[in-house]
Amino acid sequence: MPYVRSRFDIRLVRPNHVYCRGSRFSSITGIRPGAVQRESAVKTSADGADAVQMQAIIQHFKNKKRRDGIRLQKHTIKRAAAGMISVMMTFSVLAACSGTPQAGQTGADGTSTGEKKSPVTLKVEIFDRGSAPAGQSATNNYWTKWMQDNFGTPNNIKIEYVPVPRSQEVQKLNVLMASGGDAPDIVFTYDSNLVYKYVQQGGLADLGPVLDEHGPNLKAFLGEETLAYGKFDGVQYAIPARRVSLGKYASFIRQDWLDALNLPVPQTTEEVYNTLKAFKEKDPGNVGKDLIPLGFALAPASYEPIIWPFIKSDLNEEETYTLRMQLGSRDYPILTPGHKEAIQFLNKLYNEGLISPDFALDKDKKKMNQDVMNGKVGLFSEDSVNPLLSNPGVARVLQTNVPGAKLKPVDPFAGADGKHWKPQYIPAGMYIMVPKSSKRVVEAVKYLDFMAQKDNYFTIFNGDEGKNHKMENGIPVLLDNQETKDKMFIGGDFMIISNGQDLGDPQKNDLLSVVYLAPEFIEDGKLARKISMTDTVPMVRFPKPIQAEVKYGSSLLDKYHELLVKSVLAKPEDFDKTYEQMLSDFMNSGGREIAEERKAAYQAMKK
Amino acid sequence: MNTTAATDSDRRMEAARHQRAITFLRRHWQLYVLLVLPIAYFLVFKYGPMYGVTIAFKDYNMFEGINASPWSGFDTFKEIFGMREFYVAFRNTLMLNFLDLAFSFPAPIILAMMLNELRHAWYKKLSQTILYLPHFISWVIVGGIVYQVFATKTGIVNTVLMNVGMEPIPWLSDKMYWVVTYIATGVWHSAGWGTIIYLAAMTGINKELYEAAEVDGAGRWTKIRYVTLPGIQSTIVVLLILKLGELVQIGFERPYVLGNVSVSEFSEVLSTFVYKMGLQSAQYSLATGVGFFQAVVGLIFILSANYIAKKTTDQGII
Amino acid sequence: MNAKAANRIADAIVIAVIFIALLLCLAPFLHIFSISLSSNRAIMSGDVTIFPVEINFEAYKKVLQDITMLRSMGFTVLLTISFTLICMTMSIIAAYPLTKSYLWGKKFFMLLIVITMFFSGGIIPEYILIKELHLMNTMWALILPAMISPFNLIILINFFQSIPSSLHESAEIDGASHFRVLWQIVIPLSMPVIATLSLFYAVSRWNGFMDTLFYITDPNLYPLQLKLYQLVMNNMVNDLIQLEGTQLVQFLPESLKAASVMFATVPILLVYPWLQRYFVSGIMLGAVKG
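As they're listed, the protein sequences go chains A, B and C. Start counting the first sequence at -16; every next residue gets the next number (my numbering). Start counting the second sequence at -14; every next residue gets the next number (my numbering). Start counting the third sequence at -6; every next residue gets the next number (my numbering).
Don't read these hints as lab results, they were simulated from the structure. A few of these clues could be false.
Derived pair list, reagent style BS3-like, types lysine-lysine, alpha-carbon separation capped at 25 Å [claimed, not checked]:
id, chain 1, residue 1, chain 2, residue 2
1, A, Lys260, B, Lys138
2, C, Lys99, B, Lys296
3, A, Lys180, B, Lys296
Simulated restraints, written as ranges between beta carbons of each label pair [as the list claims (entries may be wrong)]:
id, chain 1, residue 1, chain 2, residue 2, range
4, A, Gln250, C, Lys55, 43 to 49 Å
5, A, Gln564, B, Gly204, 34 to 40 Å
6, B, Gln218, C, Glu51, 24 to 30 Å
7, B, Tyr260, A, Gln250, 39 to 45 Å
8, A, Pro489, B, Ile168, 51 to 57 Å
9, B, Asp60, A, Pro489, 33 to 39 Å
10, B, Thr298, C, Ile8, 31 to 37 Å
11, A, Asp189, B, Asn52, 22 to 28 Å
12, C, Phe50, A, Asp189, 53 to 59 Å
13, B, Asp60, A, Phe525, 53 to 59 Å
A virtual CB, placed ideally from N, CA and C, is assigned to each residue, including glycine.
Sequences are here, hints too, so could you generate the full structure?
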C-alpha cells in the first residue's frame, strides 16, 4: 500500500504534482524519494487496487487543499489585518505618551521665592520594608498625612515621598542621584563612604548656613558631636542622625553550668580560658561530643570583644590614629601591639577544641545561635541584648529546649589592665543629605527641624496617649492593639534624624530599650546594656575620609577575615609563619597605602 | 572605444544588479516588514542606552551626567589591569566557567536522553517536573542549605561519612573541595531545567527514523547514537556556542553565596570583584570598565566559536 | 535474549539514576516546604530537615490574609502572561526572516543582535531612557526593555532552520506569501520550541525583580518576587538594634519567609506540566498508513 507521510507533503506540492516521500511510495511509482513529479507522468507499477487508492488519496488532498486554501486565505487576511491594527495602536499610544511635552514635573514651579499661590513640592526619601499593612504603604500612611497636615500645608509645601527598598538603598540611591535632577530633596544612607563620594563629585548642598538659620531645634537635638560626623573638611554636607544607644556587645554565659561546677564568673581572659577548659573536661550540661565551650562565628560580634582587651591601651594619640584602620564601618587595630597575641589566643582555643569548629563558615552567626539554642554552648558574645529579644528568641528557645538552662550577661574578657575594652558605635547613625541640584534646601531643613521639635518627635514615635501608648515609670510603652500596629509600623523609619528614641534622660533611654523584652529577661537586658557601654573604645575620625580606605575597605575586610581564619586554623607551631604571611599579604593588598595615608592625614590634622 | 565598452558592461551590470535587487525586494518585502518591529526594539532599548559604555573611558561624575563627564581614555583600564585581584578574579572566572562547561553542559543532555528512554509516561512526566525544581530556588536560599549540609564538622554529609568511619571532608573550607562543591551544586541547580530544551528538540525527531532503525536491527544504544544525537546536534552546537560566549561572564549570587574567606583564592570572580571594588561606593567607572572588558572578550569568544562551528559542522549562529 | 536482558538492566539503571536525581532535587524543596509549616522553635534549633516539626499553618494564614500579597499575585500573573505573549510574538516575527540564508543584511542583523548580548549601557542610561519614555511605574517598563532575548531568538532561529526547506520552497512556488508560510507551516511545526521558549520567557519574568526595584515605586504594582525579596531581606538584624523602642518591629519568623517563597514559586511550577501537551511532534499530523 502506498502511504503518505503527512498531508503537508501533498498539500504544499505544486498543483497536479506528486511528492514522493518514502521508499515504498517510490518503489510503487518509480519516483525518487524526495522528488516531485507531475501526477500524470507517474506510472504506477502497483496493481490496480493500489493505484486506485493512491489516486483517491491524491484527489482527496487536492480538493482539500483547494478548499483549505481559500478558507485560510480569507482567514489569514482578517487575522493579519487585526494583528497589524492592534500593533499599530499599541505603538501609537506609546508614542503619544512619550510625546507629551510637559516633563512630568509635579507642579514644582521654577520660582524659588515660593509664591503664595502654588505650593512647592518637597520630595523625601523613605525606606520601604514591605511591611505596610493593607490599605497603607510606605508613601501613603497615617504619618505621611499627619506630616502634610501639620507641617506641609501650614508652610505651603506639598510633601511627596519616594520609596526606596531597604535592602537596595545604595543602588537605588545612586541611580536616583545620577539620573539628572530626579533625586529627592532629602536623601539618606548609612554608608559614609558613599556620602564622601557625593561630596567629592560636588553633588551635595552645603547645609551649614541653612542649618544655622532654619534648624535650631535640629541643632540642639543633634549636638555638636553628632553634627561633626557630617562635616567634611569643615563643611556640613550631611546631617547625621543621632544614634541613641551606643553600646555594641555583651557576652553571655551558661550560669547553670557555672553553678554545677561551682565556678565564679570569669573576670579576665585568663580566667575565661580556665573556665572553658573546665566546661570541656567536666561537661556540666551533659552535652557530649558536640560541646562547644566558646560559641564563635566569623562575625565582629564574636571576635571584637575578645581581641580588643589584648590591644595595648596606653597608646599616645598618634599611635591610636595611625595604627588602626577603618574597614567597612569599624576600626580594626591590626598594626597595634597586642593584635597578634589576640589572634594567637584564638588559635590556642581552636587547637584545643574550645571553640566552634566550623566558625569559618558561619558568616551570619546562624550556626552559633543554633548551637546556643540547642544547649551546646557555654559562652558566647553577641550584639548586646540580641539573644534576649523575642525574635529570633535565642534565650527563650534555649529555655524550651533545655529546661534549667540560664543565660547570664557577663563581661569576661579583660587583659592585664583589668579593663574590658570593646568598641562602641559612633554617635551618628544615618547620613541625611540634600542634593546640590535641589531647589528646596530650606524646606528640607525645615522639615527635619519640625521633626526635631520635642512634641512632634514624641508623637511620631509614640502616637497618642491612651490609644497608642501609656506612660509607665515615666517612659512611653506602645500598646499592643491593632490600631497601634497599623499606625506605628513605620515610625522609626520615618524619624530619620534619630536612630532609636531619645527620651532626653540616659536612665529613661536604658529603660526604654528593655521594656519590650519578655518580663523575665528585663533585668538581664539592663545588665547586658550596661555591659555594652562598659570600657568602650570610641572610633577615631579624620576630618575627611581616607581615600585608600574608601578604595580598599571592602576587599581588605575580607582579607582581614582571611587572616583571622587562616591564623586561627593553623597548627600552633605554624602560627607565627601563617600570621606573618597573611599580614604581609594584607599590607600588600592596600593595607600599606592605608597606613601611610593615615600617617600623612594625622600630620596634616595636627598642623 | 574600449572604455565605452567597459562602462557599457559596467552599466549593464549595474542595471542587472538593480533589477535583481528590485526583484528580491518585491519577492521578499514581507520579511523586512516582519523585521521592522524587532529591529526597532533593539535600536531603541538596547542601542539607545549604549552610550553608557563610555563610562569606562571617562572620569564619570554622576552629577554631571555621562555625556558631560570628562574623558579619561584608558586610565580606568590601566588601573584595573594593575590590580592583582583582577587577575585572580579573571583566572577564577575562566576556571570555574570552564569546569562548569565540562560538567554542567553535558549533564542535561545525558539526563534528557535518559528521560527519553523511560517507558512509563507518568514517570517521565513526574520526573520532568521535579527535576527542574532546583532552578526555582534562589541561590541565597540554596547557599544556606549548602552550608548546613556540607559544613565540615557538623554537616549532614560529613556526619554520615564519619559514621561509616571515614574522615570528614572539608567541602567548603578547602579550596579544591570547594570547587567540587561549587560545580556539583551548579549541576544540581541547572541540569533539570536544561533538559527542557533538549526534550523539545527530541520531539522534533522524525519517529520514522526510529522505526527505520528498528527495522534495520538497531539496538537501543545504536539508536541513541545514530538517531537521537544527530537529531539534537544542531541544538547542542548552538547552545555550546552561546555558552562559550559566556565564558567570561559569571553570575554574582552563586560565587558570592557559596564562597567564603577560606577559599577566596578560588571563589573571587569578576562579579564579586566588581561588587567589592566598585558598586558599593558608586565607583561606576571601574565596574563599567570590567564589564566592557568582559564584553569584548566574550564577543571574541562567541565569534570564534561560531566560526569554528561553521567550518566544522556547517552550523552557527551568525 | 542477551540483548533483552541488557536492555532490562539498562532500563533499571536509568530508572534508578533518575530516582536518585529526583530525591536530590526534591529534598531542598521539601525542606523549605517543611519550614513553612513548622514552629519557630523547631526551625531555630535546626530540627527541621525534610519533614515539618510541630506543624502549624500560621505562616500560610498570614500570607493568604495579606491582601497586598494576593493583589501582587494577580498583577504578577497578568504581567507574566502579557509578557510571554508579546515576547513570543516578537521573537517569532524576528526569527523567521533571519532563518532565510538569502536575506540581504542577515549577517548584519545577526551581528547587531549578538552584540547586544554582550554590550549594554548599564543601569543608569537604561533608567534615564525609561524615565524619558514616561514608562515609570507602568507594566510596560517591565515588558518592553526585555521584549526579545537574543538567546531565545537564536534558539528559535535554529529550530526554524530544522524545518525542511523543501516545504518552504514548494509553498512559495505555490504562491504562498511569507506571512502565510510562517503562520500555517512554520508555527504549527514548531510548537514544542515555542512552548519551551514561552516557558523560558514566563519564568524569567516571574522570577526577575532587579528591574522592578528601579522602575516600580507604586506598591500596587509590586510583582510577587519583589515583595518576597523585601520580606526576606529587609528585616535585617542590624537595624533592629537601632530601631528598638521606636516601632513595633515586625520581625518575620522563618516560617513566614518560607511560606512566601512557596506562594511565589508554586504557581510558576505548574506551567510546565500544562505546557507539556504542546511537546508533540508537529510533523506527524494525519499520517495515513495503509
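Comparing the hints with the structure gives:
A threshold of 25 Å between alpha carbons decides the hint, and for Lys260 of chain A with Lys138 of chain B the separation of about 20 Å falls inside it, so the pair holds. With a CA separation close to 18 Å, the supplied pair Lys99 of chain C and Lys296 of chain B stays within the 25 Å bound. About 51 Å separates the Cα atoms of Lys180 of chain A and Lys296 of chain B, which puts this hinted pair outside 25 Å; it is violated. The hint said 43 to 49 Å for the Cβ distance between Gln250 of chain A and Lys55 of chain C, and at roughly 46 Å that hint holds.
Between Gln564 of chain A and Gly204 of chain B the Cβ separation comes to about 60 Å, which falls outside the hinted range of 34 to 40 Å. Taking 24 to 30 Å as the suggested C-beta distance range, the pair Gln218 of chain B and Glu51 of chain C does not conform, at roughly 53 Å. Distance hint for Tyr260 of chain B and Gln250 of chain A: a CB-CB separation of about 43 Å, consistent with the stated range 39 to 45 Å. Take Pro489 of chain A and Ile168 of chain B: their Cβ atoms lie about 55 Å apart, and the range 51 to 57 Å holds.
One distance hint, 33 to 39 Å for the beta-carbon pair Asp60 of chain B and Pro489 of chain A, is violated here, with the actual separation near 52 Å. Checking the proposed 31 to 37 Å range against Thr298 of chain B and Ile8 of chain C shows it holds: the Cβ atoms sit about 33 Å from each other. Distance hint for Asp189 of chain A and Asn52 of chain B: a CB-CB separation of about 26 Å, consistent with the stated range 22 to 28 Å. At about 56 Å, the beta-carbon gap between Phe50 of chain C and Asp189 of chain A stays in the expected band of 53 to 59 Å.
Distance hint check: the CB atoms of Asp60 of chain B and Phe525 of chain A are about 27 Å apart, inconsistent with the given range 53 to 59 Å.
Going through the hint list in order, the structure does not satisfy hints 3, 5, 6, 9, 13.
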